[in-house]
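Chemist: Sequence:
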Amino acid sequence: MRRGHYGIDPRKYGVVPQAGNSSSRLASTNPRKYNPYALNIIPVVKGQPKQAGTTSSLQTHKTEIKTSPGKTMDKLFEFSQKYSLAGSIELALANYIPCQHVFAWFDREKSQRLYSPTLTKSTNYQNSVLSFCYKTKEIIACPNPAIHDFYDPMIDESNCSLLYLPLTDRRNKVLVIVQITRRADSPMFSSEEIEHLMKFAAKFRTYSTLLFQPEVDPLFPISLTQIKKGSNPFTVVVDKLRHFFVCQKVDIYAYTAADQSYSVYNREKQEFEKLQGTAGIATIALKNQIQLNLERILSAEGYDEHIDGNKDVPILVQPIIADDCIYAIVLRAPEKGAFNTSDSAKLNGFSSIIGRAFTSDGDPAEAGDLLAERLRALLEVAEALSGVLDIDTLVPMIMTRACQLLHTERCSLFLVDNEKKELITRFQGGLNKSIRIPMSRGIVGYTVTTGNIVNIPDAYADPRFDQSVDKKTGYHTRNLVTVPIFNNRNDIVGVTEMINKIDGDCFDDEDLKMVVAFNVFCGISLDNARLYQASLDLTRQLRSFVDLSASLNKTKSINEVINEILSQAKVVVHAARATIFLSEQDGSLTPFESIGDPINHGTLFASQMKQYMKTTIFNETEVQEIVACEQSNDPLAATTSQKGGTSLKMSKRSSSSSSRVSVLFDGNSSSSMTSTNSVSSAMKNGESIVIFSLLTTSGKFIGVMEISSNSKILMEDAKLIDCFAVFAAISLERSELREIATLGTIEKGIKDWIKPEERADYNVPEKLKMDEKVFICREFDAQAYDNNPIGWFQVVFGIFNHFDLLREFDISNEKFFRFLSAISATYKKVPYHNWRHAVDVTQYVTFELETSGIVSKLTKFDIFALLVAAICHDANHDGFTNVYNVKAETPLGILFKNQSVMETHHCAMAISVISKEETNIFAKLNAEQYKKIWTTIINLILATDMAKHFTFLKEINGIMDEGKLSIDNPDDVSYYLELILKCADISNVSRPFELADKWCDVLCEEFFRQGDLEMAQGMQYTSDLNDRSHLNKPKSQIGFYTFVCLPLFEAAARAMPPLQCNVDQIRSNLEVWKERTAAQEKQQTPA
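Here the UniProt record's numbering is used: position 16 in the sequence shown is 16, and no number is missing along the way.
Just so you know, these hints were derived from the structure itself, not from any lab.
Even glycine gets a Cβ: it sits at the ideal position worked out from N, Cα and C.
There may be inaccurate statements among the hints.
List of simulated lysine-lysine pairs, DSS-like, C-alpha gap at most 30 angstroms [said to hold, decoys possible]:
| id | residue 1 | residue 2 |
| --- | --- | --- |
| 1 | Lys860 | Lys769 |
| 2 | Lys336 | Lys71 |
| 3 | Lys121 | Lys199 |
Label pairs and their in silico Cβ distance ranges [unchecked claim]:
| id | residue 1 | residue 2 | range |
| --- | --- | --- | --- |
| 4 | Ser1029 | Lys931 | 20 to 30 angstroms |
| 5 | Asn172 | Asn898 | 50 to 60 angstroms |
| 6 | Lys755 | Asn559 | 19 to 29 angstroms |
| 7 | Pro1047 | Met1015 | 42 to 52 angstroms |
| 8 | Pro1047 | Pro831 | 25 to 35 angstroms |
| 9 | Glu560 | Gln1020 | 24 to 34 angstroms |
| 10 | Asp761 | Asn939 | 31 to 41 angstroms |
| 11 | Lys767 | Phe861 | 38 to 48 angstroms |
| 12 | His407 | Arg464 | 37 to 47 angstroms |
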């Protein structure tokens, strides 16, 4: 009597509880018969250490695990790109653990059997150790299988050490049983090896959904036209639709116009039952005869809890008119999470076929002639498939259906290559690779050149038949038919070749009519696919030329151009986010520009593109699983590569051998930016992601474009977005070239303004000389050089030469010119805080130094630091105040919140420029001087923050009140430098009134610019000065002069009495503003 599971001694049979499960494909050594025609399986491997393990390696007393569970899964996915799932599993495990044989047995639930594609054997769920493993879902290790209670000599190996490894999905459903054997004289499986196999099974369990796709019948539309006589068509349709669309439930509702009643099909009773009220949500589709695709139903129009249930799941509803009744097919709760546009198109295409099935009991004779029925079915199938535009997907679908309809062993599709005068196969049943033949060769060549249909009952008896392929493959062609394919211009674009009728008969006239009709569809579909591809190519070319001429030729920054590209790409596919990551010199990726939602996953997905360079789509499930594994610090899943989504550079694989995942690569990619909320974010939004490589024209990798969408991203979407990726790559490359060109412009500037012998000198180059009187006066007008920017360089060169700073600090003319070019380039084209303002402030500092007389008290080091601070003090200013940046939560406002926002940013920009070798004007300073000068410059720039203005005034006035401030005290020097720079920063008020008035207009325009933005963003004005419509210019200046400017300049005059002249000028200007205000008020006062 056989004992049950709990009566088996684990010490005798080696039953080991298992924590997790997994599955894959492979092939291995096998003395028993195997099937060489199993789907894509690789040949049986015998005695190879790197494949299935060798006898010699197993005869030792100690076995070693060859690799880790993670790397084994990695190999499994890699093999799955080339081999069948069985072959991939077998090969991966043979490389994982020393063994003699490895065979994968798959669960065939419908037939209640376990099947090995490699051995071409199957067994039921009873009476074998294999079946016992399937039932217990536990690892079974048998030193001697023959003594096991469930031993079956036809299934279980004898005279060997045997191990069965069950691999399950996440629901603990057994998908595969892996049979692993060792020679009897080899060591039995150790506890360490079993533990490693359990870890592998756990990995497999995690990724099972990526390896196993629901089996979908590719001939589904045809099967609907071939319902057997006597079968209930409604039951057949319900079952087939649920299986095809992989959803939890399918309902059929009917509406009868005669009595305006609704009914629902009861599958158990095989009949329709009348409903008391409406048909729930389906009522909308029935009444309006429209398709509905709803992500959620609880809030949908027509929702009825008794009809539609209480779960908020997606549904897809398709109305169908048949005879005097209107039906509604309702698909509920798809396993993939939602019905996409492709599902909608498919169901809509199937509707006419389903309607025909509802009005027939399955007997073709009811519709008349059998051929007519077949042709109608064919055309309906064609209509259902006409939405497929990808030719690599389309051709296999066409030819698979052709073989099914004509019952042939093989078929091929030859397309015409007019340029090379050749025929090339796009589908070649039974062959591993495509064939190219001259257009005049063989029977297909005859068909192409003549346009005639050829039907050969005996291929070898026809002299036109080319026997070379048969000789190479060993295949024997008995009969064949070739039929030309015409496009809409009546040109021959290809040939369909059908080989060997399965029933042994020859092709008859009805078969020929079927192929001719089928080829009509072929021609239309191929035309559509080619037109679609041509449109993509044309779009890419036009976008490249038009947009490059429209955008790149404008004076736009690369950030603006990329932002524009991302915005357009995001709109085209209704994406939630579009991001560009750039490749850094160390190989890492960093975000460059991003629009839309936040980047939740860092570079987790983008980093995969860097390694494989293939456009890849990650669907909702894959995004969730990869992110979840990353968050759990799973070393295998830290980075997931080509996954089975679809790669634009990979041809579509057949459903029988395709795998949803290709390769999982090692986790070295940068993913440190991944948000801790990314898992919940991905699950909440149903996020899909597609990534594109950005390559230069020479093929150099420069970055990644990543598109995130809350709906499924289709292959057609990816191909369209690829056009934008190409444009982005060209723009980035163009920007890089422009940067080089900018460097070239500097070189040209040096050549134009500095003679070769002057480059290493310290005296002002001849062409850059300027009269000192220009820059040592209060009347200096920086705006006078707006149309002659080199004038600003002349001013700064003159100032540094005036104090002999270039010679003192060993700065050559060439290096100083490069420094001025680089720092001036950081200043933005805003109305006021630009490069012109920097030069203006630097000039006023010089005026103050000379006028005050303290220049003789300061060291050249102090003067050097002060002037460099003046040059850099507003570097990269965006024209907005600190208050705005904080309230608007701009990136700078967030980064430098609770500190001097813009001033800190200016320091960073200065450091960035001066730290470069070619612009490092501090290169000759020693370590102590280097530290001191940066400390001085940073403090000076930070002191220009107006938020610290009154605090500074209170502090310095207090010191002066106590009589403690002295230029002779080294500790007080910083106060003098800060006073000088702060006065220079608002020096416009102390210029002659004509200049002060001009500068006031410029500053007001910048304030208005900020105010306009504040209004557009729904913010309150951060200052009354920003209100373009209501600003009283003279009155606003009175307050500014009285409360801000005069106290500062008066403090400066107390510290440096000769600067009283500035105070006098401010008071003079203030009187003018008061007079203008009084004049305005007088005009506004009624007489």
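Chemist: Taking each numbered hint in turn, which are not upheld by the structure, reported in ascending numerical order?
Modeler: Structure breaks hints 4, 6, 7, 11 and 12.
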